[in-house]
Amino acid sequence: GENVEQHPSTLSVQEGDSAVIKCTYSDSASNYFPWYKQELGKRPQLIIDIRSNVGEKKDQRIAVTLNKTAKHFSLHITETQPEDSAVYFCAATLNRDDKIIFGKGTRLHILP
Amino acid sequence: KAGVTQTPRYLIKTRGQQVTLSCSPISGHRSVSWYQQTPGQGLQFLFEYFSETQRNKGNFPGRFSGRQFSNSRSEMNVSTLELGDSALYLCASSPGGQGTDTQYFGPGTRLTVL
Chain A
3 GENVEQHPST
13 LSVQEGDSAV
23 IKCTYSDSAS
33 NYFPWYKQEL
43 GKRPQLIIDI
53 RSNVGEKKDQ
63 RIAVTLNKTA
73 KHFSLHITET
83 QPEDSAVYFC
93 AATLNRDDKI
103 IFGKGTRLHI
113 LP
Chain B
1179 KAGVTQTPRY
1189 LIKTRGQQVT
1199 LSCSPISGHR
1209 SVSWYQQTPG
1219 QGLQFLFEYF
1229 SETQRNKGNF
1239 PGRFSGRQFS
1249 NSRSEMNVST
1259 LELGDSALYL
1269 CASSPGGQGT
1279 DTQYFGPGTR
1289 LTVL
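From first to last, the protein sequence lines stand for chains A and B.
The numbering used here numbers the first residue of the first sequence as 3 and each following residue consecutively.
The numbering used here numbers the first residue of the second sequence as 1179 and each following residue consecutively.
What the hints contain is simulated information worked out from the structure, not anything from laboratory work.
Note that the structure is predicted; figures quoted are calculated from it, not measured.
Glycine included, every Cβ here is placed at the ideal spot set by N, Cα and C.
Among the hints, a few may not be true.
To be verified - Here are some, though not all, of the chain B residues that point toward chain A, as calculated from beta-carbon distances under 10 Å:
(1) Gly1220
(2) Gly1277
(3) Asp1279
Input sequences plus hints: build the corresponding full structure.
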């Protein structure tokens, strides 16, 4: 069945360094890959997304890359700041039924 | 536009009871999805409703059910509650129900089963 694996489950980086979170998906029919950020006690919110016809997308300090052949996509955060501390979820959507499958999340800690 | 709202925000029940959670989507949104969030398991998809019809379903037992009304508001029901049902239940709405639509999440209902 459909599955999205996300690694690592926890990530600690020094403030100012870069953070990378990786996800793999099982269904090659997946065509849309959003990333959500959930701060402590708050609801998940979309931060960036990428479609299957694009290999990379950037928005200021965050970027997402997609490798369709290998069925994996990654979130890159550069020049990390304390407000980047949160749980990040990747997700993949299947074209045939619009079903969204989420990864289990990565808890990112930005160390001072 | 007002965001997605969920009621109640907190709920305490005992094993064997049933519970109904409510979700009001953003005005104009026709799709409502429900998720269970527990530590270590992330966001697990329960089901999705679009135009009052259940369109997708996750791998949860039949004790979990839902429905959607003509105004797109949705309810989720859990019968015969178990301790393992303790979780944050999130709903999310999207405009047209396409998989490429952004999901807008509500604040969640935190359910504790004693």
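Against the structure, the hints come out as follows:
1. Because the beta carbon of B:Gly1220 sits about 4 Å from the nearest beta carbon in chain A, less than 10 Å, this interface hint is met.
2. A cut of 10 Å between beta carbons decides the hint on B:Gly1277: the least distance to chain A is about 3 Å, and the hint holds.
3. Given hint, B:Asp1279 at the interface with chain A, holds; its Cβ is 8 Å from that chain's nearest Cβ, closer than 10 Å.
Checked against the numbered hints listed earlier, the structure breaks none of them; every hint is satisfied.
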